[in-house]
Amino acid sequence: MTAFPATASAIAATVNAGGSALPLVEESLRRCAADTTNALVRHHPQRARERAAVVDARIRAGERLPLAGVPLVVKDNLLVEGCGAEACSRILEGFVAPYTASAVARLEAAGAIVVAHANMDEFAMGSSNESSCRGPVRHPLDPTRIPGGSSGGSAVAVAAGLAPLALGSDTGGSIRQPAGLCGVVGFKPTYGRISRYGLIAYGSSLDQIGPLATTVVDADLALRVMAGRDPADSTSAERPLPAPLPADPRAALRGLRVGYVAAHEAGLAADVRARLIAAKAALASAGATLVPVELPNERHAIAVYYILATGEAASNLSRFDGIRYGRRAEGAKDLGQVYARSRAEGFGSEVQRRIMLGTYVLSTGFYDAYYRKAQQVRTLIIRDFAAVFAACDVLLGPISPTTAFRAGEKTSDPLQMYLADIFTISANLAGIPAVAVPAGSGDHGLPVGLQFHGPAWSDDRVLAAGAGLAAVLGG
Amino acid sequence: MTITAADVRHLARLASLDPDPAELERIAAKLDTIVDYVRQLQAVDTTGVEPAVDMSGMVGVTRPDVPGPLLDRATLLANAPAHSDAAFLVPKVVER
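These protein sequence lines map, in sequence, to chains F and A. If you number the first sequence the way the working numbering does, the last residue is 808 and the count never jumps. If you number the second sequence the way the working numbering does, the last residue is 549 and the count never jumps.
Just chain F, same shape as in the assembly (with noise of 0.2 angstroms):
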């Protein structure tokens, strides 16, 4: 696995300094035609070019543009005018996007240069990244497993070095998740931080847009041009930007109260616990406090978020009724048929279980007793963050019980597939900020990722300490 030659800070540097954006984006264009993971559904050569020419004459017209001349990946769910986006859904099939998403409107204001969609699960809907109408993203290490998802095909552009800035959206960890499997860092910011006007809804309650980068630099660089309030999200919020990282990722370290919860270590494979430990050792020898801290109800975030996650889901993709966009079924006698037809068509066999799980919390008789009954537990795990963050700073843990498993693995058995997320979900849950962290390789020479939460509103802090543990491990 080769990154993309040059960091996006580095990129924007030399842009900005009068080199050409044209050559990079040309590279960037090369490599995504030559992908054989299947990471990339949607190619954009014209626009790109076009796009890097514009980005020449602005700097050359004396702006200086922080992301000037960046290649980035976009993941399917998020709309860039003019351009195909269809979430990897056939119920989406040949849609046109009318506008583009707040977040990538602001990287390309800032300079980027938007070169490829990526592929991920149906709708975001996945861990594998095997529920794509596209096919399945295969690891850039090892063909027969999986890059994990829902944004599996972002984390892939990043790791293979397809270009050096992707954009994901992590529900319930589909952010942290491929990008640990990769080894990439990949970032889930405070719920509202980033607008998510453009974004292919999903649980609306959950959803955050993040970047994918090889450096916490870079992705800290995308959240700040990302994050700020947008008066076509009205959950995005006015807060202050996050403060820039520290010039020395290590000094961040030096008497941070780093949290753990013991109780992770019997959860992971013995690949995967060698590097936690490792990473505690680190992390204490450069100058960090551990603490023992508790989350007693993240045995019962699965539970809340399937019932959160589908519920919200079953509302959202209401919307795709096969009248004001993408597949509508052939045939059809009346218009009660047109939307069930059209929709039983259209979706996948996964989003069509989330639907009707999703219904059926909701429906009569069952609303108290599952839907407001989770929404209740999510309170109590929001609780346990708050008693977590009055011990420490930010809390250390793993991302994924494994590394990256086999295509096909935990296919057949839905369940299987949702348990793995048990580490991601309770960041959703409770609307705070985590990043993922290359943190070494396990068995097979697959990476092992690592992440940090922390508070509400504390992203500088955590992308901080990510800083600091890459610094210290190496990276």
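Careful: at least some of the hints might be erroneous.
With the Cβ distance kept under 10 angstroms, some of the chain F side facing chain A (calculated, not the full set) [stated by the list, open to error]: (1) Arg-660; (2) Tyr-672; (3) Met-689; (4) Arg-716.
Calculated directly from the structure, the hints in this document are not laboratory data. All C-beta atoms in this analysis are idealised placements derived from N, C-alpha and C, irrespective of residue type, glycine included.
Put chain A on the given structure of chain F with help from the hints.
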């Protein structure tokens, strides 16, 4: 077994889905496994615990009541499987 083939038929109707009748038992079995798992929450004591219903902490967000540009009608209609110059076309809804 909490979820039966008949339940799946009912859920499919509520959700405007049209599953293959031959698949109903299989779909029911997979849903049942998941519902059985999430039922663990019934055992959690949530007496007096408020449900978390809003993650943004912002309620009643409104924009200024000022007219502004909307998306172009022709562009939006172009995504529809069937449309006229001014409307989405659907099959006849009312029989005479």
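Checked hints:
1. Arg-660: Holds, about 7 angstroms.
2. Tyr-672: Cβ of Tyr-672 (chain F) sits 4 angstroms from chain A, so the hint holds.
3. Met-689: Constraint on Met-689 (chain F) satisfied, holds at 5 angstroms.
4. Arg-716: 9 angstroms, holds
Taken one by one, the earlier hints all hold for this structure without exception.
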